[in-house]
Every structure is written in structure tokens, then in C-alpha cells.
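Counting in our numbering, the sequence shown runs from 9 upward without gaps.
Some hints here could point you the wrong way.
[Claimed, not checked] Restraint-style ranges between C-beta atoms, simulated for each label pair: (1) TYR21 to ASP46: 15 to 23 Å; (2) THR71 to ASP30: 54 to 62 Å; (3) THR27 to LYS116: 18 to 26 Å; (4) GLY89 to PRO117: 53 to 61 Å; (5) GLU133 to TRP33: 26 to 34 Å; (6) LYS116 to THR71: 51 to 59 Å; (7) GLN161 to GLU70: 50 to 58 Å; (8) ASN77 to ALA162: 54 to 62 Å.
Read the hints as simulated data drawn from the structure, not as lab findings. Glycine is no exception: its CB is placed at the ideal position from the N, C-alpha and C atoms.
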Amino acid sequence: MSSASTITLCFKYALGRVTKDDVEWVFNNLFGETLVLDVTEIVKQDRYSGKDFKMFFIKCDETNQKLDNLDRLVCKIKAKGMAKVTIDEWDHFWQVSLAIEKPKAEFKPRIVDEPTVEDLEKAMEGLQTEEHGRKRGAEEGEVIIPEDSEIAQAALGEVAKRFKTKGTA
Numbered sequence: 009m010s011s012a013s014t015i016t017l018c019f020k021y022a023l024g025r026v027t028k029d030d031v032e033w034v035f036n037n038l039f040g041e042t043l044v045l046d047v048t049e050i051v052k053q054d055r056y057s058g059k060d061f062k063m064f065f066i067k068c069d070e071t072n073q074k075l076d077n078l079d080r081l082v083c084k085i086k087a088k089g090m091a092k093v094t095i096d097e098w099d100h101f102w103q104v105s106l107a108i109e110k111p112k113a114e115f116k117p118r119i120v121d122e123p124t125v126e127d128l129e130k131a132m133e134g135l136q137t138e139e140h141g142r143k144r145g146a147e148e149g150e151v152i153i154p155e156d157s158e159i160a161q162a163a164l165g166e167v168a169k170r171f172k173t174k175g176t177a
């Protein structure tokens with residue numbers, strides 16, 4: 009995410025009301041000069057509260073800096089893994105780090121003869137919603153088993169085999 013002349017910073021949590029213009033203003037004021045080239049925002053939803061939050065990636069021009077404030081920030085991030093950037097007079101802050109481009113593993117189709125235990129567990133986790141089938145009771149909550157899913161039926165059979173094996177041993 010960074011080249012020889014640019015550095016990309018990121019912070020992984022900001023309130024949903026924060027805008028790209030807010031982020032650009034904060035960082036240009038932090039640096040004391042206009043170094044922000046681009047701001048990318050990603051809106052996500054908190055899995056517990058359901059509220060929107062944002063992640064931001066800030067692309068900065070390293071070559072045109074005159075005050076070295078960007079370099080100081082990068083050194084602090086490299087030394088501590090992150091830096092706290094205060095964003096208002098109440099000392100609210102963003103935890104800023106360097107954006108690291110992770111190479112995405114290339115997907116390769118494959119033939120699966122029999123599902124692995126991990127495949128079955130993932131399938132069962134994915135089926136824990138009511139829209140995927142009829143409910144069956146369980147000691148700890150409800151398990152949803154769709155009648156027309158071969159993977160789910162295989163997973164249920166595997167679970168039943170495990171319980172039978174444990175019960176007779």
C-alpha cells in the first residue's frame with residue numbers, strides 16, 4: 009500500500025459520523041503541511057451493537073514534506089506498533105498504524121471427495137440462522153438443520169456418530 013514516495017497509514021476504528029474530510033483535516037494539521045493525497049474509508053458494522061463504524065486508510069506524500077512530522081509519526085509507529093493521534097480538545101484519539109498490504113491467497117478450485125471435520129463445522133456454523141431450515145432442540149440453544157442440505161445432514165450424522173462412540177466407550 010505504500011510506494012517509494014507515499015506512505016499509507018490506517019486506523020481501524022472511528023465513529024460512523026467521521027468523514028473523509030475530517031480525517032484529511034486532522035492529518036494535514038498534524039503534519040503542519042498538506043501531505044494527504046487520498047483518504048479511503050470502509051464502513052463496517054459492529055457485530056455486537058449493530059452500529060456503524062469506519063476504518064480509514066490515509067495515503068500521504070512522503071517526498072514533499074518539509075517539516076518531517078510524517079517521518080516522526082512513522083518512526084513512532086515502527087517503534088511501538090502504533091501511535092495515538094489526538095483528534096480533539098477532549099483528548100479523543102485514533103490508534104494509527106502503518107497499512108500493510110497482505111497478499112491475498114489465490115483461490116484454486118478443487119474436488120472434494122469427503123468433507124473434512126473443519127468443512128462440516130463451518131457448514132454447521134453457517135446454518136445457525138432460522139432462514140436456513142427447521143429448528144431442532146439441543147441442550148445449549150437451538151440448532152437449525154435444513155432438510156435439503158447434504159453437508160448439514162452429513163455433519164449431523166458425524167455428530168451423532170461421535171456421541172454414539174463416546175456413549176459406548
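These are the hints, each one checked on the structure:
1. For the pair TYR21 and ASP46, the beta carbons lie near 20 Å from each other, so the given range of 15 to 23 Å is met.
2. Range check, THR71 to ASP30: Cβ separation about 25 Å, and the 54 to 62 Å hint is violated.
3. Look at THR27 against LYS116: about 40 Å separates their beta carbons, and that is not inside 18 to 26 Å.
4. For the pair GLY89 and PRO117, the beta carbons lie near 38 Å from each other, so the given range of 53 to 61 Å is not met.
5. Checked against the given bound of 26 to 34 Å, the beta carbons of GLU133 and TRP33, roughly 42 Å apart, lie outside it.
6. Between LYS116 and THR71 the C-beta distance comes to about 40 Å, which lies outside the given range of 51 to 59 Å.
7. Between GLN161 and GLU70 the CB atoms are about 57 Å apart, so this pair conforms to the stated range of 50 to 58 Å.
8. Checking the proposed 54 to 62 Å range against ASN77 and ALA162 shows it holds: the Cβ atoms sit about 59 Å from each other.
Checked against the numbered hints above, the structure breaks hints 2, 3, 4, 5, 6 and satisfies the rest.
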